[in-house]
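A.B. asks: For reference, the chains in residue letters:
2 protein chains.
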Amino acid sequence: MQKPAIPKGTRDFTPSEMLRREYIFNTIKTVFKKYGYAPIETPAMENLSTLLGKYGEEGDKLLFKILNSGDFLQKADNTMVANNDSTRFALQISEKGLRYDLTVPFARFVVQHRNEISFPFKRYQIQPVWRADRPQKGRYREFFQCDADVVGSDALINELELIQIIEEVFGLLKMEVTLKLNNRKILAGIAEMIGLPDRLTDITVAIDKIEKIGLEKVVEELLQKELPPDSVQKLIPFLNMQGDNTRKLQTLKNLLKESAIGSKGLEEIETVLFLSREVGVQLTIVFDLTLARGLNYYTGAIMEVKANDVAIGSICGGGRYDNLTGIFGMPDVSGVGISFGADRIYDVLNQLNLYPDHVETATRLLILCFGEKEQLHGLKLLQALRKAGVQAEIHPDLAKLKKQMTYANNRGIPFVLLVGEDEITSNTYTLKNMQSGDQSQLTLPGIIEKLNQNEDAI
Amino acid sequence: MQKPAIPKGTRDFTPSEMLRREYIFNTIKTVFKKYGYAPIETPAMENLSTLLGKYGEEGDKLLFKILNSGDFLQKADNTMVANNDSTRFALQISEKGLRYDLTVPFARFVVQHRNEISFPFKRYQIQPVWRADRPQKGRYREFFQCDADVVGSDALINELELIQIIEEVFGLLKMEVTLKLNNRKILAGIAEMIGLPDRLTDITVAIDKIEKIGLEKVVEELLQKELPPDSVQKLIPFLNMQGDNTRKLQTLKNLLKESAIGSKGLEEIETVLFLSREVGVQLTIVFDLTLARGLNYYTGAIMEVKANDVAIGSICGGGRYDNLTGIFGMPDVSGVGISFGADRIYDVLNQLNLYPDHVETATRLLILCFGEKEQLHGLKLLQALRKAGVQAEIHPDLAKLKKQMTYANNRGIPFVLLVGEDEITSNTYTLKNMQSGDQSQLTLPGIIEKLNQNEDAI
Chain A
1259 MQKPAIPKGT
1269 RDFTPSEMLR
1279 REYIFNTIKT
1289 VFKKYGYAPI
1299 ETPAMENLST
1309 LLGKYGEEGD
1319 KLLFKILNSG
1329 DFLQKADNTM
1339 VANNDSTRFA
1349 LQISEKGLRY
1359 DLTVPFARFV
1369 VQHRNEISFP
1379 FKRYQIQPVW
1389 RADRPQKGRY
1399 REFFQCDADV
1409 VGSDALINEL
1419 ELIQIIEEVF
1429 GLLKMEVTLK
1439 LNNRKILAGI
1449 AEMIGLPDRL
1459 TDITVAIDKI
1469 EKIGLEKVVE
1479 ELLQKELPPD
1489 SVQKLIPFLN
1499 MQGDNTRKLQ
1509 TLKNLLKESA
1519 IGSKGLEEIE
1529 TVLFLSREVG
1539 VQLTIVFDLT
1549 LARGLNYYTG
1559 AIMEVKANDV
1569 AIGSICGGGR
1579 YDNLTGIFGM
1589 PDVSGVGISF
1599 GADRIYDVLN
1609 QLNLYPDHVE
1619 TATRLLILCF
1629 GEKEQLHGLK
1639 LLQALRKAGV
1649 QAEIHPDLAK
1659 LKKQMTYANN
1669 RGIPFVLLVG
1679 EDEITSNTYT
1689 LKNMQSGDQS
1699 QLTLPGIIEK
1709 LNQNEDAI
Chain B
1259 MQKPAIPKGT
1269 RDFTPSEMLR
1279 REYIFNTIKT
1289 VFKKYGYAPI
1299 ETPAMENLST
1309 LLGKYGEEGD
1319 KLLFKILNSG
1329 DFLQKADNTM
1339 VANNDSTRFA
1349 LQISEKGLRY
1359 DLTVPFARFV
1369 VQHRNEISFP
1379 FKRYQIQPVW
1389 RADRPQKGRY
1399 REFFQCDADV
1409 VGSDALINEL
1419 ELIQIIEEVF
1429 GLLKMEVTLK
1439 LNNRKILAGI
1449 AEMIGLPDRL
1459 TDITVAIDKI
1469 EKIGLEKVVE
1479 ELLQKELPPD
1489 SVQKLIPFLN
1499 MQGDNTRKLQ
1509 TLKNLLKESA
1519 IGSKGLEEIE
1529 TVLFLSREVG
1539 VQLTIVFDLT
1549 LARGLNYYTG
1559 AIMEVKANDV
1569 AIGSICGGGR
1579 YDNLTGIFGM
1589 PDVSGVGISF
1599 GADRIYDVLN
1609 QLNLYPDHVE
1619 TATRLLILCF
1629 GEKEQLHGLK
1639 LLQALRKAGV
1649 QAEIHPDLAK
1659 LKKQMTYANN
1669 RGIPFVLLVG
1679 EDEITSNTYT
1689 LKNMQSGDQS
1699 QLTLPGIIEK
1709 LNQNEDAI
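From first to last, the protein sequence lines are chains A and B. Per my numbering, the first sequence runs over residues 1259 to 1716. Per my numbering, the second sequence runs over residues 1259 to 1716.
Just so you know, the hints here were simulated from the structure itself, not pulled from any lab data. Keep in mind it's a predicted model, so treat the numbers as computed, not measured. Hints should not be assumed to be uniformly reliable.
The list treats identical chains as one, so a pair stands whether inside a single copy or across any two.
To be verified - Calculated lysine to aspartate or glutamate pairs in the DMTMM-like style (CA-CA distance at most 25 Å, straight line): (1) Lys1319 <-> Asp1391; (2) Lys1312 <-> Glu1479; (3) Lys1287 <-> Asp1615; (4) Lys1438 <-> Asp1605; (5) Lys1287 <-> Asp1329; (6) Lys1631 <-> Glu1536; (7) Lys1333 <-> Asp1318.
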């Protein structure tokens, strides 16, 4: 007999895990909706032509490919098999793959449905994605992304609203966080000022590493990458900047005053900070020049959220992109978006135990019966309780009372109601608080009142 | 440039579709939770060893298989390629498949997590499943199942609760439905009484067809399948039964009185009908002997729901099974469950236009601004409105007023608020009802009051 198991890197979610995860997803959803973002969903499978080439060579390797149905060998060029050329043969026998992120399917969606959509189009999307990565702690082959994007508007108000969303989501989740903010145009301005506009990627990758390996090593790496020493020299003042947001921005204003794009980036970030102050954003926002993020498609704002009290990677990130839909033939659509890392947020909430008390128990009361006659009476009580909005259950089996009690305990159900022959005659039942052990004799209206009172207590 | 498209048989869901679907899913979820069913989720990918052989030969063919990552040809026996043996070669190069339904993954889950679960275990699960079926109207390659099952209890109270769930879900959705009820043990009793206990499958398949092809053809088919003519003759009184539930059950009591299993089935169905009456179930329940359903694993109750006002297949179905987890090495776990067909329910609600008014528009108000200064003021108003619980948005771009109006119209946003220079000075704004065209001059508290009043009106 096979021992049941699931593929490595994937997870089952038990009821208590699900209820905690739903609390996170529902919080995020509620805020997205409040800010006018509307839900969409796309299929788990996309055509490989949609996915390939969008995530770099490494990404292509990490795509899960679906084997064509039926007699797939018939249509394939089998000579590749002899050469053991798995990569090319894969494309002979599979046309579809599982989605790798929500961004590329969203771009495909916008282009495909351009005539049904009103722009600016604000959408959110909460769905799993799949990557054939090596599984390790905190990295899964199936995980959830929660994205909100607005496309078809380049107004900085959109950046502001995403910041407000971030503030509100983490406020509701009671998490202390810091928002790091940067602008790709500033990075481009720096590349321009040091005379290396084409080496933006090298520079940003290096800047991204400064916190991890320090200035000296970063300089070393840049020289190894054959950046001219005088350019690297010119870069150092940018890397060495100190002080609060205002001071840093002031320093940059001087350093970048001759770069049009750099000055534009500074103006954008200052506007976003100004608007945030005006509408009363309380979130800690740190302008962080080292924030570059791996993704190459950001063209304006770049943002990232870190938890203050737990050492874990970024729990939310995003930015502005100017040509996301270009790859599908629809140029000049500017967009900005953020993505919440639900799995990491889940880890942080677990670690700090930040869930509200109720989140894991839905059922408030279990009716325990001594026999068949009592059960029939219990079913009618149950019906009345449910009608009154009390989430209640009955133990379906005529099991021993102790077994029924254990069941209530294991399920974390806070109250049990005992129904015996005397109780039926008197219409008065014993309500037991499973935590305190307190018992009270109550009629049906009394039970309803007690449980509705206690809604927040236990 | 490639024209963006999705794989055939799959669907994108736009915001208006999503909001309508969420209304259905949320209704079902709320009722599941009310009855004490707790959510679980399982991975999209299962090991093929979990899936293969569980859905018959045809089902195996319809599984979407995932190509192994990396150099999959290295480990494969490539001789099969020469023979064009796609079926066997597939198993050389793929180990995982997409889930085909929620039932087999649930059985795997129960066995794998048996020590973390309290039995009876009541779970619900709402997730997509994938089948490489030929796509056609109403049949998709990716579709959602909404299952509720309880395992580890053979009490008929569980059947009763599923009936109550069905009544409540369709009541909330305002759909008129009929529940068909049968019991596999009655069918087994019939097979026994006509002397063919081994031909149960042939008989139930035939019975299942009676509505479609009529008695004569069914008899013909049975004879073709080489059932002895005298057995077929004995079957006819069962097929010819008339009358209401009570009369049919009475007829069967006589016909089946010498079959222990048949009598047990009758007793079960009578108990379920008795309990339903006792707790006040109002749903139309029809005992229907022709209800057999394709699935072979039901051992007790069989149920199916049909919409009264739309010609469409079953919109919900289920039954009791006694050995679901046996295939994974955990015998003797009795369970009973139902599955709502969300896609068909969606079709019915669309056809009858049964959605509540609000379901498609979340945003109630769009703030329109004449210029930059007005926009900044508008942002602060927006903040205050959102704090007061009014779902509002601002148009992010300083577009022409007409363009902003069109946007509100296209999005179905019921109110717009105009913010110009005068409005800022007087703190009095023009609120326009987009449907009636009515305008009123209101201060912020007035706007909040008006919109909260109108919550149910538009």
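A.B. asks: Taking the hints in turn, state whether each one holds.
C.D. replies: Okay, the hints, checked on the actual structure:
For a Cα distance limit of 25 Å, the shortest separation of Lys1319 from Asp1391 inside one copy, 9 Å, qualifies, whereas the shortest one across copies, 28 Å, does not. Neither within a single protomer nor between protomers do Lys1312 and Glu1479 lie at most 25 Å apart by alpha-carbon distance, with minima of 27 Å and 56 Å respectively. Proximity of Lys1287 and Asp1615 under a CA criterion of 25 Å is satisfied in both settings, with 21 Å inside one chain copy and 21 Å between copies. Taking the shortest Cα distances, Lys1438 and Asp1605 sit within 25 Å of each other inside one copy (21 Å), while across copies they are farther apart (46 Å).
In this homomeric assembly, Lys1287 and Asp1329 never come within 25 Å of each other (Cα to Cα): the closest approach is 43 Å inside a single copy and 40 Å across copies. In this assembly of identical chains, the alpha carbons of Lys1631 and Glu1536 lie at most 25 Å apart only when taken from different copies (12 Å versus 67 Å within one copy). Taking the shortest alpha-carbon separations for Lys1333 and Asp1318, both the intra-copy value of 23 Å and the inter-copy value of 21 Å come in at or below 25 Å.
Of the numbered hints listed earlier, those contradicted by the structure are 2, 5.
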